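> Sequence:
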Amino acid sequence: MQLTERAKQLIPLSRIVSFAAWKNHYPASVIEIFQQADDQGRYLTDQDLEQIATLIPESSSALESARLLRDKADTIIDSARQKVLDEYSGITNIDGDLYPPARAQACWRDFWHFLRCITYGIAGSCIPFTSSEGLKNMQLLYQELKVPLPAMIVGLEALKTFGLEEFNPEQQIELSSYFNHLIEAMRRFQ
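Residue 1631 in our numbering sits at position 149 of the sequence shown, and the numbers go up by one each step.
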């Protein structure tokens, strides 16, 4: 899949996570743990979670929720992918919006990153975990690449559905806000 120059310029600008709003809630040492994970494009490791728990003991429940989603990420993402394929049956066909296969793989990879970003919000107990500038650039990137937004939103909603299945009803209510934050941001792309 050949990327346009515009797409190549937008990709590094499309970082959707921001910890700027967290500075009033957490010491710089905690934010640095999150920032480092985001800079490396990875979920928080067990070591990261343990460091955060040591620095902010009252965060243990949120950290365990983030850990569970991280540990179940492959299953959650596979289920979300299948939901998209079921709802948009021809999307990966030769004339579909996610053809060639590299386009589909990029979509599934975005699901992985979306869930990663949501786990940061959960682990930090902060719903404003997105960057408006990063989201704007992602919107421009998705327009440039002609990403099928309805399918992506179905995928995000499926991440929420399958991710929340791992939790009890009380936790589901609490955690749904983190998923909704990103879903609503993506809906504004349309």
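Everything labelled a hint here was simulated from the structure, so no lab data went into it. Please read all numbers here as calculations on a predicted model, not as lab measurements. Some hints could be false.
Claimed, not checked - Per label pair, the in silico range of CB-to-CB distance:
no.	residue 1	residue 2	range
1	Trp1590	Arg1670	15 to 25 Å
2	Gly1578	Lys1490	16 to 26 Å
3	Asp1577	Asn1650	42 to 52 Å
As the list claims (entries may be wrong) - Below, a list of computed lysine-lysine pairs in the DSBU-like style, where the Cα atoms sit at most 30 Å apart:
no.	residue 1	residue 2
4	Lys1490	Lys1628
5	Lys1618	Lys1565
6	Lys1565	Lys1554
7	Lys1505	Lys1628
8	Lys1618	Lys1628
9	Lys1565	Lys1505
10	Lys1618	Lys1490
C-beta: ideal position from N, C-alpha, C; glycine also.
> Work down the list of hints and note, for each, if the structure agrees.
Going down the list of hints, with the structure as the test:
no., hint, verdict
1, Trp1590 x Arg1670: 15 to 25 Å, "holds, 23 Å"
2, Gly1578 x Lys1490: 16 to 26 Å, "holds, 24 Å"
3, Asp1577 x Asn1650: 42 to 52 Å, "holds, 44 Å"
4, Lys1490 x Lys1628, "holds, 14 Å"
5, Lys1618 x Lys1565, "holds, 26 Å"
6, Lys1565 x Lys1554, "holds, 17 Å"
7, Lys1505 x Lys1628, "violated, 36 Å"
8, Lys1618 x Lys1628, "holds, 15 Å"
9, Lys1565 x Lys1505, "violated, 37 Å"
10, Lys1618 x Lys1490, "holds, 15 Å"
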